[in-house]
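Engineer: Given chain Z's structure and the hints, the job is docking chain L onto it.
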Amino acid sequence: MNAEQAASQPDAAEPNTAIDAQATEPDKPKRWVGNRLPRREDPRMLRGSGRFVDDIPDPHAYHLAFVRSPVASGRITEILTEDAISMPGVVAVLTSADLGHPSLTAVLEREEFVPTTMPLLAKDRVRYAGEPIVAVVAENRYLAEDAADNVWVEIEEMPPVLSLEDLGRSDLPVIHDEAPDGVLVDLQMFTDDLLDDVLGSAPLVLEEIFRSGRVTAAPMESRTCRADWRDRDEQLVLEVSTQVPHQVRSGIAQALGVPERKVRVIAPDVGGGFGLKCVVGREEVVAAAIAMRMRHAVRWSEDRQENLIASFHGREQEYRIRAGFDDEGRFVGLEADIRCNIGAYSVYPFSCAVEPLMAATELPGVYKVGRYAARARGFASNKPPTAPYRGVSRPQIVLVMERLMDKAARSLGLDRVEIRRRNTIQPDDFPYLGPNGITYEPGSYVEALELCAAEVGKAGWREQCERQDGLLRGIGIVNFSERTAYGTATMGMRKMQMTPGFEVSHVRMDASGDVVVTSGTCGHGQGHETTFAQIVADVLAISPDRIKLRQGDTDVTSFGWGTFASRSLVIGGGSAAVAARRLADQLREVAAEMLEAEPTDIELVDGHAQVRGAPDARLTIDEIAATVHFRSHTLVQREEQLLEARGSADPPGMFSNAAHAALVEVDPGTGDAQVVDYIVIEDCGVVVNPMIVDGQVRGGVAQGIGSALYEEMSYSPEGQPLTGTFMDYMVPTASEIPRVAVHHLETPCDQTETGAKGMGEGGTIGAPAAVLSALNDALRDYDADIDFVPVRPADLLAVLEGTSNSERRLETA
Amino acid sequence: MKDQHLVSLTVNGREYELVVESRKTLADVLRSDLGLTGTHLGCEHGICGACTVLLDGEPVRSCLVFGVQADGRKVRTVESLSDGDELNDLQQAFSRHHALQCGFCTPGFLMLGEAYLSTDPEPDREEVREVVSANLCRCTGYQGIVDAVCEVAEMRRSKDREGTP
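Line order of the protein sequences matches chains Z and L.
In this text, residue positions in the first sequence follow our numbering: the first is 1, and each later residue adds one.
In this text, residue positions in the second sequence follow our numbering: the first is 1, and each later residue adds one.
Here chain Z stands alone, though its shape is the one from the complex (with noise of 0.2 Å):
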């Protein structure tokens, strides 16, 4: 069923107006979970009246600019100072060693696994170009550039490590001592004897090499953060652009050597994130050892150049795979050796092993792939670290996965869907225990490929393909799983030193009646305040717009881990509902006292607690909280006072699954290539609000393409950027991207509180293989094996030419 049909449009102006299509049946409870409610954040944000860091006024605060390292790798031999610190408006120019030597370090507790410090300033060399060395504050942002550029550092420049073809170089230099062969993390996660004899007997085997280049998440915010000490609360306040503040103030309080509850962190409104703000920034710790020391407000605003090539990247991998499959294309083993390029940096706290952990574990996906073997390690280089962005690794695996399905197809002369058909997990073959370990719980992943496969027929594409108008056209279909809400019995898996998973929340009804409810979780753009109060309206039965959720301060929410891998919906949302249950609980205890009945015998109906079968005797839940804050002493048996209930979560990890199909065109003449149109089908369970879901699916696929056809961080060979701004860093507009058909199925999930699965990253995790797919099928006349993205118009070309093979784009540098 197509949501955009069946959904009701509420009314944008009078939101509480908007009706589940339910709540006209009779008998049957309004809800507003799975209602299209306009969203609560979106009146602040369209009057420019969000508030984002640098949208807090402080005329006052020192800003603070960066000296960068100009080169990819040397050993700073001097810097000075004096220039600088001499200049107008100019407070301070602060060194590694002015700070006292501070540094962060991501810690994974495995023997395949090396520790590497990440210096908050760069000591005694630098490892990418960008990396920060100096520091300078200064009256105001213009003033504090000026100065940066009157910083002198001298480097001795050294050769760097920049592809995957430098690695094992005994030519380059060492990038982190304690890796002397450049390997931080060399995971061997499965292995199986029998896997080279099923190999040496299938009758196909498919030895391949896929790559992905390296790109970044550029959320439109870049970081930001304005860190001041207070004296009265003896804390250390720090306002920044993140998904994660609780794992911002344990960076600082470990960075700093200080107590957790000395450091408070405050996350405003956050311009996107898309994983590339949940990890702590060093900039960041540093503004705040600055305003520590200075005992004065100092703030910094990352410019898009330093976003581009000085904060966080991505997916910068390479798989060497072998897949045998029988004559009827069934897999019958897999085997990967999976290396990711991961910069210079093992970035705090889940360090450099997310990726290649998670390439590893998951790349089976929907599919039955018999014997498996994996190894992932993680290389340094001499670029800017890699943090998890939107995906992390699946985005590759699923492209990996759906290009062997097309591979073998064409080898046995199957057609595309039906080899899928073959190898997908059936659903009677549910709970699925696969041979990288993990259960598979219920999901749809034949309906959705069928689904699929219907739409694609509905919408034409077949009769398009067959135009003789000059251009190219062809179709990817692909299917795969996400999966989301890891809690920390999978994160412990994963034998980080800091272990994500589970979270707290707290519901709170105030005397008029309304309610405030804290998370963890850290929303920044999926409108949690809009479905958190949908899930606590249907326990409380009170209007949504009675509950404000409080989000991303350390000093409101309990211990959190915040906003990352598809969780918060599930995991904070979760426990946003076990906690509403305890307050109703409260609620029907109360309602009982003062109605003389037996709680058992209340029910919450409307705004109201009334008693079960006679409903003239109720009370507004108002009346119940006004009673409870200004006449306790009318209410003999309650022994605590208050309206108040906190709730946990942590569920062991689900998966949503989604099937995508890409129509692309090709413009023979010129390589141009563009998505015309683009079909989703996706179950994340029960869906909490239609509208939200889709504008995660859509934005996800819109990033996809964009790792597709369009983005890439490149370098020059002595390891120069050369992709600083949005001229060279392209981020898809609205002309490359098309409307996206979303289509739901709805495999509820028993393991979590609301029925729900996470869905943040399915969109981005598909688009890649499903545009790749389609590019080779419109190429199919010139024998295209395209195994790489981005795919640029010139790789296009090279097909049509005759000029390619899939060997032969390596890495840039």
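Because the hints were derived from the structure by calculation, they are not lab data.
All C-beta atoms, glycine included, are put in the ideal place defined by N, C-alpha and C.
Please note that the accuracy of each hint is not assured.
[Said to hold, decoys possible] If you anchor each label on the Cβ, the simulated ranges turn out as follows: (1) Z:Glu328 / L:Glu122: 51 to 61 Å; (2) Z:Pro793 / L:Glu122: 26 to 36 Å; (3) L:Glu122 / Z:Arg467: 20 to 30 Å; (4) L:Asp83 / Z:Asp585: 57 to 67 Å; (5) Z:Ala511 / L:Arg73: 48 to 58 Å; (6) L:Pro123 / Z:Ala454: 43 to 53 Å; (7) L:Thr119 / Z:Ser49: 21 to 31 Å; (8) Z:Glu718 / L:Thr119: 42 to 52 Å; (9) L:Pro121 / Z:Pro70: 43 to 53 Å; (10) L:Glu86 / Z:Asp585: 36 to 46 Å; (11) L:Glu122 / Z:Ala511: 47 to 57 Å.
Structural biologist: Coordinates of chain L only, in the frame set by chain Z:
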């Protein structure tokens, strides 16, 4: 040493006299001198369009205009769109079509949309896609933005038709 200028400009109907350093951008004047922080800075090199405002009715990147260049001119920012709590038709359409997620780029798209709509266009989806391509959004995939602008173009035209005797 600083090159300071006295400028007078009208922002959202209100007149201001300010002393502005020559190199200070209009965006920084609006944000830091006038406290109008709805105008956001996404790239500071004229590509993303988050800082789009109307200068004498025309859309400009306020990161590429110096404050002194606004001397004697009229500026409109996102703060001018709603009437108190009442959102205007384009703002309401953005919400209805889920044309914003994080909301950071939204003020720029609204001002771009207002400039386009002020030309009284025939609603044409492909034309709107091209207009909207002036700005970048990383969250939405643009569909809601295009839908919202198309819908308001249609609504304003039918309103005009009704209003014409």
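Engineer: For every hint, state whether the structure bears it out.
Structural biologist: Hints and how they fare:
Between Z:Glu328 and L:Glu122 the C-beta distance comes to about 55 Å, which sits within the given range of 51 to 61 Å. Taking the beta carbon of each, Z:Pro793 and L:Glu122 are about 33 Å apart, inside 26 to 36 Å as hinted. Against the hinted window of 20 to 30 Å, the Cβ-Cβ separation of L:Glu122 and Z:Arg467 comes to about 28 Å, which satisfies the hint. A hinted range of 57 to 67 Å for the beta carbons of L:Asp83 and Z:Asp585 is inconsistent with their spacing of about 44 Å.
The hinted window of 48 to 58 Å between Z:Ala511 and L:Arg73 holds, with their beta carbons roughly 51 Å apart. The hinted range of 43 to 53 Å is not satisfied by L:Pro123 and Z:Ala454, whose Cβ atoms lie roughly 32 Å apart. Our hint of 21 to 31 Å for L:Thr119 and Z:Ser49 holds, since their Cβ atoms are close to 28 Å apart. The hinted range of 42 to 52 Å is satisfied by Z:Glu718 and L:Thr119, whose Cβ atoms lie roughly 48 Å apart.
Between L:Pro121 and Z:Pro70 the CB atoms are about 47 Å apart, so this pair conforms to the stated range of 43 to 53 Å. In this structure the supplied range 36 to 46 Å holds for L:Glu86 paired with Z:Asp585, their Cβ-Cβ distance being about 40 Å. Taken as a hint, the range 47 to 57 Å holds for the pair L:Glu122 and Z:Ala511, whose Cβ atoms sit roughly 55 Å apart.
Of the numbered hints given earlier, the model fails hints 4 and 6; all others are met.
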